[in-house]
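Colleague: Throw the hints in and build the complete structure from the sequences for me.
If you read the protein sequences in the order shown, they are chains A and B. Taking this note's numbering, the leading residue of the first sequence gets 1, the next gets one more, and so forth. Taking this note's numbering, the leading residue of the second sequence gets 1, the next gets one more, and so forth.
In case anyone wonders, no lab produced these hints; they're calculated from the structure.
Sample of chain A residues facing chain B (criterion: CB under 10 Å; computed from the structure):
1. M1
2. T42
3. Q124
4. M126
Think of the CB as a built atom: it goes at the ideal place given N, C-alpha and C, for glycine as much as any other residue.
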Amino acid sequence: MKFMLLQKYEETEGCSIPMTEWKPEDVQAHIRFQQTLNEQLTQSGELVDAQGLAGPEQAKFVVSDGTTAPVVTDGPFPESKELLAGYRTVDVESLERAIEIAADASAAPGPDGVPIRQRIEVRQVMGAPADAEV
Amino acid sequence: MTTGSGTEDLLRELTPRVLGAVVRRYGDFADAEDAVQEALLAAATQWPTEGRPDNPLGWLIRVASRRMADQYERDDARRRREDLAASWSQADANDVRGQDDTLILTFMCCHPSLPPASAIPLTLRAVGGLTTREIASAFLVPEATMGQRITRAKAKIKSSGAQFRLPSTAERVERLRTVLHVLYLVFNEGYAASSGPALARADLSGEAIRLTRLVHAALRDDPEVAGLLALMLLIEARRPARVGPAGELVPLAEQDRARWDRDLVAEGVALVTDALAKGAIGEYQLQAAINAVHDQAASPEDTNWGEILALYGLLERITGNPMVSLNRAVAVAMVHGPAAGLELLDGVADRLGDHHRLHSVRGHLYEMAGDRAAAVDEFRIAAAGTISVPERDYLVAQAARLANELGNSRVADRAPSE
Numbered sequence: 001m002k003f004m005l006l007q008k009y010e011e012t013e014g015c016s017i018p019m020t021e022w023k024p025e026d027v028q029a030h031i032r033f034q035q036t037l038n039e040q041l042t043q044s045g046e047l048v049d050a051q052g053l054a055g056p057e058q059a060k061f062v063v064s065d066g067t068t069a070p071v072v073t074d075g076p077f078p079e080s081k082e083l084l085a086g087y088r089t090v091d092v093e094s095l096e097r098a099i100e101i102a103a104d105a106s107a108a109p110g111p112d113g114v115p116i117r118q119r120i121e122v123r124q125v126m127g128a129p130a131d132a133e134v
Numbered sequence: 001m002t003t004g005s006g007t008e009d010l011l012r013e014l015t016p017r018v019l020g021a022v023v024r025r026y027g028d029f030a031d032a033e034d035a036v037q038e039a040l041l042a043a044a045t046q047w048p049t050e051g052r053p054d055n056p057l058g059w060l061i062r063v064a065s066r067r068m069a070d071q072y073e074r075d076d077a078r079r080r081r082e083d084l085a086a087s088w089s090q091a092d093a094n095d096v097r098g099q100d101d102t103l104i105l106t107f108m109c110c111h112p113s114l115p116p117a118s119a120i121p122l123t124l125r126a127v128g129g130l131t132t133r134e135i136a137s138a139f140l141v142p143e144a145t146m147g148q149r150i151t152r153a154k155a156k157i158k159s160s161g162a163q164f165r166l167p168s169t170a171e172r173v174e175r176l177r178t179v180l181h182v183l184y185l186v187f188n189e190g191y192a193a194s195s196g197p198a199l200a201r202a203d204l205s206g207e208a209i210r211l212t213r214l215v216h217a218a219l220r221d222d223p224e225v226a227g228l229l230a231l232m233l234l235i236e237a238r239r240p241a242r243v244g245p246a247g248e249l250v251p252l253a254e255q256d257r258a259r260w261d262r263d264l265v266a267e268g269v270a271l272v273t274d275a276l277a278k279g280a281i282g283e284y285q286l287q288a289a290i291n292a293v294h295d296q297a298a299s300p301e302d303t304n305w306g307e308i309l310a311l312y313g314l315l316e317r318i319t320g321n322p323m324v325s326l327n328r329a330v331a332v333a334m335v336h337g338p339a340a341g342l343e344l345l346d347g348v349a350d351r352l353g354d355h356h357r358l359h360s361v362r363g364h365l366y367e368m369a370g371d372r373a374a375a376v377d378e379f380r381i382a383a384a385g386t387i388s389v390p391e392r393d394y395l396v397a398q399a400a401r402l403a404n405e406l407g408n409s410r411v412a413d414r415a416p417s418e
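Modeller: This is the structure in structure tokens:
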């Protein structure tokens, strides 16, 4: 079963300092942590995809009625903390395993190596029906 | 020499025989499986351009053996020699061929220490001869991830101490159940075809049928193997009619039966009839028998629901599975009316928790009973609970259709007074 583990730009429970203000070695350690986690998930045969998204400053909102020109809104947005920062898709045996991976990701290191306790949204990806029709 | 077309089919067909031979020679299943994969890839690239060898089986065994020898030379030679000496003595005692090798390999890949998500790709590669890339694309995961999953599955089998031989008579029944379950899941993956490249997934159903045919060929007298094969054929027969032009699911009652594959129906019916006559009834035979009743009905109205009800009763008793009770409730409703079906559902609701299928069956039965408002509620709950896109689309459409009818009839009710 596939799950998406989503993270937003919101302040994390363990860290209110934006990453751009961290010490360089803390930033490095954080990035290394993410890469290592992805490598581990590939080794365990569970990683489907992992992507970080460009900053909210570059985000655009598009609304269209399908006939007139679409309305495109540029950032910055007051609600930018609500935007998606990145995601991992994993293919795992159970919801419990997805939660375990989300917990690992949540404890990513922040300033001075203290876990930032990022809030991870765990969502199941829709797939095939559980069994064939009878 | 021949070239090109049919190479892929031939390679898939030869895979378990090549692998069986190499494992018997070198003793190590995990390494042999890697070596055979490499030999298959070499054949897939060389044969179409350089021509197919006169003895394809011998060619593949030779190339895989060479890879194996090369690898062992590169690795820690002394440790390997010791391992080999130990495994050879075991392999000699189990010197079996062809059909038996395929069966042994299938039992190994569907090892009880493996979760289905690992047993499935390993079986497809080691017995089915599919490449890691093909398997990865069918399950929509990256090739590296799928490769790791297969490698870990083999390591797990190795550490469980499995030997290259058939399970003992004592374990046989239980082990065969695991094999059949894995094959059923492969079929279901392809059958559901709910996401990703539909073709690749349809291929999985064909592959499951092919693998089940191999197991059936090796175990002709086992009625449950025949039952599973019959079940797959009887469901596969309806494939051309079960998806509409926009990719939507077409329920059984609304399918164009002229599009069902009559040859598959005939083969499935013959298989299950034969299997049932052996007297050792099991769940796959019963499911096949139920599908045979559907497939033989010229129209939905001609369906022998009394027989289906009796079969579900047996299936419920054998499996104790509340999901079977759900299906039986539908049959009860068809025979004795929706009120009787709804009553049965109340009896199993506790055991099903809040499963969305309970709500979708309830919705269906409420609609039969003419209670559209209750049906809409149930279909909505079911739609929110399913994780299947086509199923959700179907349930949402049912809810919307009924809500719309309901709205119109309310308007019609009010109309005279306005």
